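These protein sequence lines map, in sequence, to chains A and B. Residue 1 is where the first sequence starts when you use my numbering, and the numbers rise one by one after that. Residue 1 is where the second sequence starts when you use my numbering, and the numbers rise one by one after that.
Because the hints were derived from the structure by calculation, they are not lab data. Heads up, a few of these hints could be off.
No copy labels: a pair is met if it fits in one copy or bridges any two.
Said to hold, decoys possible - Dumping the calculated DSBU-like pairs for lysine-lysine here, alpha-carbon to alpha-carbon at most 35 Å:
hint, residue 1, residue 2
1, K413, K139
2, K376, K400
3, K231, K400
4, K156, K413
5, K139, K156
6, K418, K400
7, K394, K231
8, K420, K73
9, K212, K388
10, K376, K390
11, K121, K394
12, K73, K231
13, K121, K418
14, K418, K394
15, K156, K400
16, K139, K388
17, K415, K390
18, K231, K413
19, K418, K73
Computed from a predicted model, the values in this text were never measured in an experiment.
2 protein chains.
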Amino acid sequence: MGKPGSIDGMSKVPVAPPSGFRDFLPSEAAARLALIDRISAIYQSHGFHAISISVLENLSTLQGKGGGSDNEKLIFKVLKRGDELTRARESGGELADLGLRFDLTLPLARYCARFRENLPKPFKVYQIGPVWRADRPQKGRYREFFQCDVDIVGAKEIGAEVDCLSAILEVFVSFGLSDVELHLNDRRLLAALKDEDLNEAQWAEALVSLDKLDRLGRDGVEAELQARLGKVPLGIAQILNAEAGTLTTFAGLHAESTSSLGQILALMQAAGFRARFNPTLVRGQDYYTGTIFEVRHSELAGSLGGGGRYNRLLEIFGGSDVPAFGGSIGFERLVLLLQEQGKLAQAETAPQVFFPLLDEDLRGPVFRLASALREKQLRVDVYPDAAKLKNQFKYADDRKIPFVAILGSEEWKNKQIKVKTMADGSERSLALEPLPDFLVEMERLCSP
Amino acid sequence: MGKPGSIDGMSKVPVAPPSGFRDFLPSEAAARLALIDRISAIYQSHGFHAISISVLENLSTLQGKGGGSDNEKLIFKVLKRGDELTRARESGGELADLGLRFDLTLPLARYCARFRENLPKPFKVYQIGPVWRADRPQKGRYREFFQCDVDIVGAKEIGAEVDCLSAILEVFVSFGLSDVELHLNDRRLLAALKDEDLNEAQWAEALVSLDKLDRLGRDGVEAELQARLGKVPLGIAQILNAEAGTLTTFAGLHAESTSSLGQILALMQAAGFRARFNPTLVRGQDYYTGTIFEVRHSELAGSLGGGGRYNRLLEIFGGSDVPAFGGSIGFERLVLLLQEQGKLAQAETAPQVFFPLLDEDLRGPVFRLASALREKQLRVDVYPDAAKLKNQFKYADDRKIPFVAILGSEEWKNKQIKVKTMADGSERSLALEPLPDFLVEMERLCSP
Numbered sequence: 001m002g003k004p005g006s007i008d009g010m011s012k013v014p015v016a017p018p019s020g021f022r023d024f025l026p027s028e029a030a031a032r033l034a035l036i037d038r039i040s041a042i043y044q045s046h047g048f049h050a051i052s053i054s055v056l057e058n059l060s061t062l063q064g065k066g067g068g069s070d071n072e073k074l075i076f077k078v079l080k081r082g083d084e085l086t087r088a089r090e091s092g093g094e095l096a097d098l099g100l101r102f103d104l105t106l107p108l109a110r111y112c113a114r115f116r117e118n119l120p121k122p123f124k125v126y127q128i129g130p131v132w133r134a135d136r137p138q139k140g141r142y143r144e145f146f147q148c149d150v151d152i153v154g155a156k157e158i159g160a161e162v163d164c165l166s167a168i169l170e171v172f173v174s175f176g177l178s179d180v181e182l183h184l185n186d187r188r189l190l191a192a193l194k195d196e197d198l199n200e201a202q203w204a205e206a207l208v209s210l211d212k213l214d215r216l217g218r219d220g221v222e223a224e225l226q227a228r229l230g231k232v233p234l235g236i237a238q239i240l241n242a243e244a245g246t247l248t249t250f251a252g253l254h255a256e257s258t259s260s261l262g263q264i265l266a267l268m269q270a271a272g273f274r275a276r277f278n279p280t281l282v283r284g285q286d287y288y289t290g291t292i293f294e295v296r297h298s299e300l301a302g303s304l305g306g307g308g309r310y311n312r313l314l315e316i317f318g319g320s321d322v323p324a325f326g327g328s329i330g331f332e333r334l335v336l337l338l339q340e341q342g343k344l345a346q347a348e349t350a351p352q353v354f355f356p357l358l359d360e361d362l363r364g365p366v367f368r369l370a371s372a373l374r375e376k377q378l379r380v381d382v383y384p385d386a387a388k389l390k391n392q393f394k395y396a397d398d399r400k401i402p403f404v405a406i407l408g409s410e411e412w413k414n415k416q417i418k419v420k421t422m423a424d425g426s427e428r429s430l431a432l433e434p435l436p437d438f439l440v441e442m443e444r445l446c447s448p
Numbered sequence: 001m002g003k004p005g006s007i008d009g010m011s012k013v014p015v016a017p018p019s020g021f022r023d024f025l026p027s028e029a030a031a032r033l034a035l036i037d038r039i040s041a042i043y044q045s046h047g048f049h050a051i052s053i054s055v056l057e058n059l060s061t062l063q064g065k066g067g068g069s070d071n072e073k074l075i076f077k078v079l080k081r082g083d084e085l086t087r088a089r090e091s092g093g094e095l096a097d098l099g100l101r102f103d104l105t106l107p108l109a110r111y112c113a114r115f116r117e118n119l120p121k122p123f124k125v126y127q128i129g130p131v132w133r134a135d136r137p138q139k140g141r142y143r144e145f146f147q148c149d150v151d152i153v154g155a156k157e158i159g160a161e162v163d164c165l166s167a168i169l170e171v172f173v174s175f176g177l178s179d180v181e182l183h184l185n186d187r188r189l190l191a192a193l194k195d196e197d198l199n200e201a202q203w204a205e206a207l208v209s210l211d212k213l214d215r216l217g218r219d220g221v222e223a224e225l226q227a228r229l230g231k232v233p234l235g236i237a238q239i240l241n242a243e244a245g246t247l248t249t250f251a252g253l254h255a256e257s258t259s260s261l262g263q264i265l266a267l268m269q270a271a272g273f274r275a276r277f278n279p280t281l282v283r284g285q286d287y288y289t290g291t292i293f294e295v296r297h298s299e300l301a302g303s304l305g306g307g308g309r310y311n312r313l314l315e316i317f318g319g320s321d322v323p324a325f326g327g328s329i330g331f332e333r334l335v336l337l338l339q340e341q342g343k344l345a346q347a348e349t350a351p352q353v354f355f356p357l358l359d360e361d362l363r364g365p366v367f368r369l370a371s372a373l374r375e376k377q378l379r380v381d382v383y384p385d386a387a388k389l390k391n392q393f394k395y396a397d398d399r400k401i402p403f404v405a406i407l408g409s410e411e412w413k414n415k416q417i418k419v420k421t422m423a424d425g426s427e428r429s430l431a432l433e434p435l436p437d438f439l440v441e442m443e444r445l446c447s448p
């Protein structure tokens, strides 16, 4: 044999994951799972249902919007297979037929169109899962990252807005992240601000520049607009001047959107959430048709989440008149923020009792005692080999297991077991007969 | 615009997922999540830790075994991007650089090699997640499916075997699937049975034929061996004759494996699990080096899970002398079996209280009441629009929400609310002042 990487060849295969991808150590993985559970519980408490959609989609679905949005350019495409691949290579045709989803919204739109007849109306749904973007990896930006979406499909403003937004903000509040602020705007308002002498494409360009306000500052945005369009459009100037202003500045422009923004703001503020109108908010996706939002934090550039109304997205799948609103929490940024603030809780999944193995002959009794404790709902770990006792205790110590149950030959003969409390090093002898007494005593020891 | 699939063009994009992939309705998704939680809890109770590994790997990692195993041929490959893709197309070189994992074991081996210094020794780990295989889709065989793996890396037989196997069997037992049986064999025993006049490749071929015993029957296997090798090897005949036999038949052949198989069987049987030696068990993966197993059920062809010892797998990542054992529950087959037996529990995630919206003006009070109930840990759903009351009640009915809290203008004026118990249609009026009394009453109603 001796091929590269074969066991016989002994050449090494790199141990790192692909660039931009991550492996999580047990403590990180447990904390992430616990966080997902907590977000799920909050979404459920607001009446949202979990669904699960394949992570691979037909490329035609992912590219279905036909608009060539930024995210579409970042699709990880999956190579065709077999004869189809051969034909594609020979003809110079499309080499891929599938792609990894780049968000959770487009697959949801397909799902809702598919199951139209089977879903509640309106359909309140949440998804927590990974998405993939072939972005240039950099600090804090990964090619695989989690999103936590809530959506209401089949509901007009503003009920869906208030329901989704309060579920999302509730997550931040539940972690004591009270500095979080909701920024709101409306695509219809942005559309109404278009200068008459600009066409739609030029106005879209102007909004792309405006969207960079955080990074470029006002001067930078104005310079880019001069370079691109030869001027700063009046609509953009009005937005930039009103940045700190109130909704009333824009009241005459598009009454429907200023009215719904006003109602949403009032309801969110009455519920105790920090919320403001931000006319400079644009958001990247081209499928938004109304309300758009971002969740921001004073200590972080960019956003902790965002979303908007997408009343026409289902049309690409043949759905008509299906208004929808949804938003997402950026899971990775939330993890980062909670870590920085020391608020990322450790999950309680570590074993409570540890059995070292002192002698191969005692494997049977140790195994049976461990099983009996597990039936009492305790988490119990057994060392698999009769290794050096020092190593076995180090293992228990490293894993922070609070109780070590030591069964030696002498103890077993006397139907006794030694239980060591690792916190203070104290030891006690417990009788193994009758067994129920031992189990109850261990249960008592392990209860908080 | 008017491109295919664009919103303006109005052409439809198909609503089905790619062939071999699935979307799950809310009830299915909730049942799957609840099942994952339950398996996680059992794995944790046995001292296993969760980890999380990227689902994409470098192709070189997935192909690292160099052996061209069956699963390697089924990798979904991810197309290179940008200049690299252009160069690959021009030069006729490899078009892909990444691939979706086809199992959870190979990524785990890379992970353990990478974090060697940071992981407990031995490392007890579980993973529950999707894997992908570009297999021909057929009934019950999907291209994306979940596996539930437990592994112990850094432990010699037989402790790791007993620990993993009891965790896996515990899952089946906890669902009352007592017909489940553990089948055990050892690759070293199979190797020792090789006829002297056959080389390794021929013997491997003979075992591949033996592996089809379930499908082909004894006659079919013998016919295939005649066709492939011109004879039925003596070793295979010995296995086929011993099928119903005991371990002692093989005792002289390879003492180490028959001894460890004997100990594992004794311990598993003493713990009340159904377990037997099965000399015809082969398993597909080429990285197994010792104990191999499958979990089988009398009503199902094929297996519900399986695995084995892979003491040399870490060597391809530069690890040396890292004995390891692990196994997997086939999640999809478990779901199927539980469904058939009516044992797939419904998760308790549906809302407990539903607020219809009778009037836009009451959105504020309804929203506040819902929030207050959520603070009491109740799951509360609010209808987002002031739609026809009939439709709103149908929604509550379809979702099987047990209590409907009706706040009309009249009720609100009198600080009252009507609560309807959907099970018997009975209604009661509750006072909204003082609010804590209302909350406590609702809490009491919703408690089981």
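Now for the hints, and whether the structure bears them out:
In the homo-oligomer, the alpha carbons of K413 and K139 never lie at most 35 Å apart, since the shortest distance is 59 Å inside one protomer and 56 Å across protomers. Taking the closest pair of Cα atoms, K376 and K400 come within 35 Å of each other both inside a single copy (21 Å) and across two copies (34 Å). Taking the closest pair of Cα atoms, K231 and K400 never come within 35 Å of each other, the shortest separation being 64 Å inside a single copy and 58 Å across copies. Taking identical chains as interchangeable, the C-alpha atoms of K156 and K413 lie at most 35 Å apart only when they sit on different chains, with a minimum of 27 Å there against 74 Å within one chain.
Taking identical chains as interchangeable, the C-alpha atoms of K139 and K156 are never at most 35 Å apart, the minima being 39 Å within one chain and 40 Å between chains. Taking the closest pair of Cα atoms, K418 and K400 come within 35 Å of each other only inside a single copy of the chain (18 Å); across copies the shortest separation is 52 Å, beyond that limit. Taking CA atoms no more than 35 Å apart as the test, K394 paired with K231 passes in neither setting, with 69 Å inside one copy and 55 Å between copies. For the homomeric pair K420 and K73, neither the shortest alpha-carbon distance inside one copy (59 Å) nor that between copies (52 Å) is at most 35 Å.
Neither within a single protomer nor between protomers do K212 and K388 lie at most 35 Å apart by alpha-carbon distance, with minima of 61 Å and 44 Å respectively. For a Cα distance limit of 35 Å, the shortest separation of K376 from K390 inside one copy, 29 Å, qualifies, whereas the shortest one across copies, 48 Å, does not. Within a single copy, K121 and K394 get their C-alpha atoms only as close as 57 Å, which misses the 35 Å cut-off; across copies the closest is 9 Å, which meets it. Taking the shortest alpha-carbon separations for K73 and K231, only the intra-copy value of 29 Å comes in at or below 35 Å, while the best inter-copy value is 57 Å.
Taking identical chains as interchangeable, the C-alpha atoms of K121 and K418 lie at most 35 Å apart only when they sit on different chains, with a minimum of 23 Å there against 61 Å within one chain. Taking the shortest alpha-carbon separations for K418 and K394, only the intra-copy value of 17 Å comes in at or below 35 Å, while the best inter-copy value is 61 Å. In this assembly of identical chains, the alpha carbons of K156 and K400 lie at most 35 Å apart only when taken from different copies (23 Å versus 52 Å within one copy). For the homomeric pair K139 and K388, neither the shortest alpha-carbon distance inside one copy (43 Å) nor that between copies (51 Å) is at most 35 Å.
Taking the closest pair of Cα atoms, K415 and K390 come within 35 Å of each other only inside a single copy of the chain (24 Å); across copies the shortest separation is 69 Å, beyond that limit. Proximity of K231 to K413 under the C-alpha cut-off of 35 Å is found in neither arrangement, the shortest distances being 92 Å within a copy and 56 Å between copies. For the homomeric pair K418 and K73, neither the shortest alpha-carbon distance inside one copy (63 Å) nor that between copies (53 Å) is at most 35 Å.
Against the hints set out earlier in the document, violations occur for numbers 1, 3, 5, 7, 8, 9, 16, 18, 19.
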